[in-house]
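> Next come the chains, spelled out residue by residue.
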Amino acid sequence: MSESNETLVMGAVAYDPKVVTIWDGFKRFFAERGLDFDFVLYENYERQVKSHLAGHLHLAWNSPLAWIQAVRGAEKLGRKAEAVAMRDTDRDLTSVIVTRKDSGIESLDDLKGKSLGVGAADSPQATLIPLEHIAAAQGWTPNEAFSVRRFDRLVGKHGDHIGGERDAAKALMAGEVDACAMIDGNHLLFTTEGTLPADGTKVISQTTTYDHCNFTILDDAPKATIAKFVELLMSMRYDDPEVRPLLDLEGLKVWTPGRTEGYGLLEAAVDRSGYLDAFLAELS
Amino acid sequence: MTEAAELDLGELGLDRGGHLLLRHALRRLPAGGQLQLRGGAPALMIHARAWCRSEGHGFALHEGGATIERSSAEDDRWRDAWDTADGVADRPEAQWGLAARGARIEAGGPAFRFPLSDKDEIWTEDAGRLYARAAANQWDPETAIDWDAPYDIPDEVEDAVVQVMTYLIENETAALVVPARFAAQVHPHFREVMQLLAIQAADEARHIEVFTRRARLRRDRLGLSTVGGQRSLQTLIDEPDFALASFLLSVLGEGTFLHLLWFLREHAPDPVTRQVCHLAAQDEARHVAFGLSHLQRHVELDPTLRARLADAIHRRHDALENTAGLNALVFDALLLLAAGSFEPDAIARGWDRVQALERDMHQGRSKRLLRLGFSPEEADTLSTLHTRNFM
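Listed in order, the protein sequences are those of chains A and B.
By the count of this note's numbering, the first sequence reaches residue 284 at its end, each step adding exactly one.
By the count of this note's numbering, the second sequence reaches residue 1391 at its end, each step adding exactly one.
For the record, the hints were derived by calculation from the structure and aren't laboratory data.
If you're wondering where the values come from, they're calculated on a predicted model, not measured in any experiment.
For each residue, glycine too, the CB sits at the ideal point set by N, CA and C.
There is no bait here: all hints are sound.
Facing chain B, according to a computed beta carbon distance under 10 Å, are these residues of chain A, among others:
{"no.": "1", "residue": "96"}
{"no.": "2", "residue": "191"}
{"no.": "3", "residue": "202"}
{"no.": "4", "residue": "206"}
With beta-carbon atoms standing in for the labels, derived distance ranges:
{"no.": "5", "chain 1": "B", "residue 1": "1110", "chain 2": "A", "residue 2": "6", "range": "29 to 35 Å"}
{"no.": "6", "chain 1": "B", "residue 1": "1010", "chain 2": "A", "residue 2": "280", "range": "48 to 54 Å"}
{"no.": "7", "chain 1": "A", "residue 1": "109", "chain 2": "B", "residue 2": "1078", "range": "45 to 51 Å"}
{"no.": "8", "chain 1": "B", "residue 1": "1067", "chain 2": "A", "residue 2": "106", "range": "27 to 33 Å"}
{"no.": "9", "chain 1": "B", "residue 1": "1033", "chain 2": "A", "residue 2": "109", "range": "38 to 44 Å"}
{"no.": "10", "chain 1": "B", "residue 1": "1319", "chain 2": "A", "residue 2": "40", "range": "55 to 61 Å"}
{"no.": "11", "chain 1": "B", "residue 1": "1137", "chain 2": "A", "residue 2": "28", "range": "47 to 53 Å"}
{"no.": "12", "chain 1": "A", "residue 1": "137", "chain 2": "B", "residue 2": "1010", "range": "26 to 32 Å"}
With the hints as extra help, turn the sequences into a complete structure.
The structure is reproduced here in structure tokens:
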């Protein structure tokens, strides 16, 4: 899509009904400040990325995996992707490998021959990044040195839905797996909500930090309109009672500029596993 | 204290309540202030990183602990909050919603629709006192009434009592529905009014119970319900304006009913009927007091209301002009009940008593209309236009 005065169209994945509330609210915020904005909801990130590459969107609210799909898809087509903004909460996340406290598993070394519960196949935080973390540290291939049990919930939504991680945590406590992977904040959440008993688990390994979602544009995006969009995002203030409920729903206090140095772990994961090969092969 | 703030959580983790101490320590810092966090819980730093991210605080791990930079998010959230601790507002905001009066209410919440949001329309300083009195005077139908009290009355008189009870139940049902509907429309900021309407509905629920129980004491079936009676009550149910409905129901209707219940307390032929009417009358007196109290205040603030109240009586009178009024069944039942037997002398005595009752009702209505500022002539005229169905 090229520079024009037309409506700025963004893609987002409908991983939860609240997505409509959030973007309806933001649309109103933009409209009141002179930005003609609309959004299209997709059932899965793959279709959103393909749609973006096909020119149906000006920008996309992408998961980290969708960001890499967009970068690599664009490269294949001789184009370029850029991350223009992200939430404060998209920065410096970590994932953890958790076992039962009495499991006798003290480190990744002890995981050899054991089973690891992970989230959905396409979850960066609960599957791809933790498996890469283990592979890089131990040189182990999943389902060889240790077995992997996936808890697929809403594949296509790249782990945006918490269900897969929670199922893996429940399986851990039921003794169905020896360890499981989850994002750091979910270990705290699952412990405080009781899915994991307080003092009943231990973290045997933690990944380095990585980044999560971003607003992605391609090189033919309408630059002036995108600049206006980013400017308005950055102007959203948490002390504004109109916008704060939307920020709360979307899980941030402040929007920050996009950065791309936090995706190395996930890039390594898809490189090692070849996870994106089939997706990229479909693009032409 | 801002530069060297430190917090050592010992062995306490954020998964076991440590967030409370962390939040407390951060609250003592200005936005941008730094806190040095230490502790020995195994997952402390993993959880602290995640917690700080979700709360908007900066987090940097270092040897021996972490530095947390306090975000302004919490201050931002409460910057435009409403403080409702300054008494009863004239027009509470729709966004105050269900929040307790006196609370600090975050801005940006959903707007609730409470049609009765104007203090002038509904408030009375007496509401709290009347509610407290109502709460203190709730009675248990099971124990407050001696349901086994012996009595011996003719079958026809028992039938008359059953007919009067049937009539009372129908009327008390209207008296339940009207405040119940308005209770849901009052802005909860006017807490005492909402509570009072709710307990008024509960009073009526109890009255319906005891009148039903009395009617069924010696009969399997209740009495008759007529079109005229229901039509009169429908005009109460259909009145959408709080002031007008309250005027017609509480001041005129329940005010008139007070005399009826006192009459039954005195002349009913059996102790059970006398007891239930005595207890119901106590409750009804409160309902009348509330109606009068908020309407007196409303009329003082808006003298044009008086004309609308008068119109409401006229309109209701016109609507009911061609109905039968207090139906013959109920009238005859009252007469027989007051007589106590079919003896001519007794009937004559009953007749006089019912006549006296109607005079008392008229005088009572007139007196209440005077309290709302109507002239003696207006009060007399308007009272005579009140529905012949009593309620």
